[in-house]
Amino acid sequence: MQIFHRSTNTISRATIFGAVFVVAALFWVAATVQRSPYVTYAGVARPQPAPFSHQHHVAGLGIDCRYCHTSVETSSFAGIPPTKTCMNCHSQIWTNAAMLEPVRESYRSGKSLVWNRVNDLPDFVYFNHSIHINKGVGCNTCHGPVDRMPLMYNYASLQMEWCLDCHRAPEKYLRPREQVFNMRYQEPSSSQPVLVDGQPYTDQLSLGMDLVKKYKLRTATDIMSCSTCHR
Amino acid sequence: MRNCRKISLLGALMLLLAGCRQDMHDQPRFKPLAESDFYADLRSARTPVEGTVARGQLHEDTYFYTGKIGNNPGDFMPFPVTEEVLARGRERFDIFCAPCHSRLGDGNGFVPSRGFPRKPPSYHSERLRKAPLGYFFDVISNGFGIMPDYASQIPARDRWCIIAYVRALQLSQNATMADVPSGEKVPSELPRFEEPGSGATLPVVEPKSANSAPEEPK
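If you read the sequences in order, they're chains A and B.
1 is the number of the first residue of the first sequence in the working numbering; add one for each residue after it.
1001 is the number of the first residue of the second sequence in the working numbering; add one for each residue after it.
Pulled out of the complex, with its shape left as it was, chain A reads as follows:
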């Protein structure tokens, strides 16, 4: 007696064949989820004690990053401004605004404002701002269009593959040092050349290659070694 109909043969073959795709699809889903904002929080704005807007202060008022993030050029840590820095202006401007009450309260009582971290690497990774700034990596290469962020969110995944993509070939991203803080810097193109030492460049690779030499970057093998970031 035959329990299964003959057509099941085809079905079973198709299933075996199909399983390959099912497994591949599972891997694909896992990889996508792993890189998605659900895991990395990229693009997700965090609530803050005061709704500080980079858009307003940077693009609107033209304040330089270093006015507030004072240690970004010299230390590993960019620095979050103390309440006093806000009060430089807000002791005169918007002194009655309700949204600034936490700031004034902190200034009166001497208690720190507790900002929620947005970009947060795991503690087993070593990161250093000063070297990136001094070798010509722009803030917005890593942090995105900060001047258009009413609330701060992280732009990149901050995953290892993201760091490595640049460390493998930094010339794809380098820009002249004095442009690091310029949120509207544009990569060189023939309509908008970039000047370095009086010489105009029209494409990123030739600019990048020359900057690698000018800023004396180490070889990719050096900065790709595990102990650069896991020390």
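Watch out, some of these pointers could steer you wrong.
Said to hold, decoys possible - Heads up, simulated DMTMM-like pairs for lysine to aspartate or glutamate below, C-alpha to C-alpha not over 20 Å straight-line:
#1 B:K1031 x A:D203
#2 B:K1130 x B:D1106
#3 B:K1031 x A:D123
#4 A:K213 x A:D203
#5 B:K1031 x A:D120
#6 A:K84 x B:D1041
#7 A:K84 x B:D1106
#8 B:K1119 x B:D1149
#9 A:K111 x B:E1035
#10 A:K135 x B:E1091
#11 A:K135 x A:D203
#12 A:K214 x A:D203
#13 A:K216 x A:E161
#14 A:K135 x A:E105
#15 A:K111 x B:D1106
#16 A:K214 x B:D1106
#17 A:K84 x B:E1035
#18 A:K111 x B:D1026
#19 A:K135 x A:E178
#20 A:K84 x B:D1138
#21 A:K84 x A:D203
Simulated from the structure, these hints should not be mistaken for lab results.
For clarity, every value in this text was computed on a predicted model and none was experimentally measured.
With chain A's structure known, arrange chain B on it following the hints.
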């Protein structure tokens, strides 16, 4: 049989969950400015104990750190002014002072126009042009009237660089034809600046085109 498999699958999943501990991600050390539950004020960053001096913080050179000789502001730079000092001064001035005093130092910066009770004075007034360098140092370090102090944001050396640049601004805004060395041409037009937009403070002289070498700003 079926149940047995389900249970073991569940067990395996539980084991995986156990791998989700974040001990290495959140190690019990402090990242800068992190919160601490050990100290009463919840700060992991501590101020030095009163009466102690951190290495390199013994301010022996009083003129360098106060701009004063005795009680009077001095009128000389504690280090020679070079092109590098002026460039640094210009950069720092544009970051820290220009929002209120404007890049020209005429007091028409953007921020005071949003609601300061009075705008900053122009640096090009008779009084401030005659003010000694040490006076500016004192204003930056201790504030003046409604102007906040910048002691914590600007290290002493940078304050001096800014002051050198302010003096240069004052000279340039009040220059006459007699100050131009003979043989030098005065450009009849200002160089065209491409505003850097946001974040950056250094203006970029617009390159003429890709092929012709651009003119240096005079």
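Check your understanding: Which of the listed hints are not met by the structure?
Key -> 1, 7, 13, 14, 15, 16, 18, 21
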